[in-house]
Amino acid sequence: MDAALTWYQNSALASAVGNSPTITAVLSAFHALGFTFIMGGALFANLGTLRLLFPSRPVGEMAGPGSRLIALGLVLSVPTGILLFGPRAVAAAHNSTFQLKLLLILAASAVQFGLLRRGTRAVGALGLTLWIGLALTACAFILLE
Amino acid sequence: MTLLQICEWLESTRLAELVTQSTYGFPIVVAIHLLGLGLSVGTVIWFDLRLLGKVLTATPVSEVYRRLAPVMMTGFMVMFGSGAVIFTGFATAAYNNPYFRVKLAMIALAGLNAAIFHVYTQRRLAGWDSWSQPPASARTAGAISIVSWIVVVLAGRMMSYTMF
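Protein chains in written order, with numbering that gives the first Met the number 0: chain A, 0 to 144; chain B, 0 to 163.
Each statement offered as a hint is correct.
Chain A is faced by these chain B residues, among others (derived, beta-carbon under 8 Å):
(1) Pro26
(2) Ala30
(3) Leu33
(4) Leu34
(5) Leu36
(6) Thr42
(7) Val54
(8) Arg156
On the chain A side, residues computed to face chain B include the following (Cβ under 8 Å):
(9) Thr35
(10) Met38
(11) Leu42
Simulated from the structure, these hints should not be mistaken for lab results.
Note that beta-carbon positions come from the ideal geometry of N, C-alpha and C, so glycine has one too.
Assemble the whole structure, with the sequences as input and the hints as a guide.
Quick look at the structure:
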């Protein structure tokens with residue numbers, strides 16, 4: 000694993016990102032936009048599933064569009080995140096906050112795209128908790144990196 | 000007193016010192032700012048999409064606004080409050096940064112757009128409140144809002160990498 004991370008960190012791609020403040024800034028900007036879409040989608044879909052936003056409307060009216068906005072957010076933030084990860088791949092991979100962040104992305108995505116269609120309040124609560132946990136962990140990574 | 004002098008004065012305050020000198024001060028406020036961003040812009044998008052006739056088309060526009068407003072307003076208060084604190088610490092650098100000016104211009108555009116919507120378009124809301132496709136003026140307001148907030152997010156992040 001460390002060999003693969005070292006290879007990626009030393010690759011031309013990671014060096015190009017690490018040596019260019021402009022590329023890093025553009026990637027970070029789209030990473031933040033993806034984060035905003037994910038947060039917006041997660042709040043809408045999961046608060047909707049918890050019947051806290053529009054209790055008289057079918058859950059699907061919120062869960063469906065919310066999940067699509069999350070998917071758009073992931074399309075923006077995952078590739079940009081992988082590129083931003085490059086210049087510090089070895090150190091970040093060994094950072095426990097970063098590991099938790101990755102775990103929460105996988106768990107929250109699995110709940111959102113696998114279980115949320117069931118439409119139960121318990122799944123909504125779990126999904127919301129995981130996405131908020133991800134947002135807090137992402138912020139903690141800024142603090143503790 | 001010029002704007003630049005106000006910026007210099009802001010940087011000499013105790014609050015600015017707290018932001019720039021303490022080990023965790025700056026990253027904590029940035030983290031709060033990002034959470035506020037997700038809460039505010041992440042929620043206002045849904046109202047804009049309703050104005051565009053893309054979501055919750057069977058729910059009146061006024062009800063969508065009423066239910067989203069508490070989350071939206073809380074997010075905006077957190078975002079603007081934390082943004083003001085960050086600005087205090089790096090006011091002169093921000094003043095000279097082109098992305099900060101783009102960000103401020105887009106916030107002003109979003110604010111003006113919201114004001115025009117509330118004063119003029121919403122005045123006739125009763126006539127189209129339940130329409131699945133609101134009138135062109137409302138759809139335009141929704142589109143301007145989404146675009147301006149997206150540019151605010153992008154410019155805000157660009158500025159933090161080009162200021163120091």
